[in-house]
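Residue 1 is where the sequence shown starts when you use this note's numbering, and the numbers rise one by one after that.
If you are wondering where the hints come from, they were derived from the structure by calculation, not from laboratory data.
If a hint is listed, it holds; no wrong ones were tucked in.
Listed below are the simulated DSS-like cross-link pairs for lysine-lysine, each with C-alpha atoms no more than 30 Å apart in a straight line:
hint	residue 1	residue 2
1	Lys-117	Lys-74
2	Lys-49	Lys-92
3	Lys-74	Lys-92
4	Lys-92	Lys-19
5	Lys-117	Lys-49
6	Lys-82	Lys-49
7	Lys-19	Lys-82
8	Lys-19	Lys-49
9	Lys-122	Lys-92
10	Lys-49	Lys-85
11	Lys-49	Lys-74
12	Lys-85	Lys-117
13	Lys-82	Lys-117
14	Lys-85	Lys-19
15	Lys-85	Lys-74
16	Lys-19	Lys-117
17	Lys-19	Lys-74
18	Lys-82	Lys-122
19	Lys-85	Lys-122
20	Lys-19	Lys-122
21	Lys-92	Lys-82
22	Lys-92	Lys-117
23	Lys-122	Lys-49
In this text the structure is predicted, and so the values were computed from the model without any measurement.
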Amino acid sequence: MMKRLQFVSFINERIDDMKTVLVADDNEDLRHIFVRAFDRKLFDVHQAKDGAEALHYIQQTPPDIIILDIDMPKLSGLEVLKYLKDNHYHSKVILVTGNSMMADVPQANDADLVLVKPVSIKELVTFVSRFTNE
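Whole structure, please, built from the sequences with the hints as guidance.
Take a look at the structure:
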């Protein structure tokens, strides 16, 4: 019985230490690929299909790391990023875009990282893991 309680306590500590990742992308297939990649790495992963849904989640439960597609309906990733910076959120932000020219817009400079699609899942997971260890 004692070993079982120790195991449960260990698991609860691990759950408390899990970093939260929000994946916001209007491309459902890509969003699910990202979510599955982080689920395997034991992150607490959430998803949003557009910028407004992402912002709502962020306001309720600020995640440790946010992956934002720049070009999303309702609110763009850049608009969500501006809100985060204006309101002093401390989440790490990774912007992803299918348009390499968008990666160079001045507003993207506030992100911790900008990646151009197609994004290597292995590379993305590596960057997120580095951010969680900072």
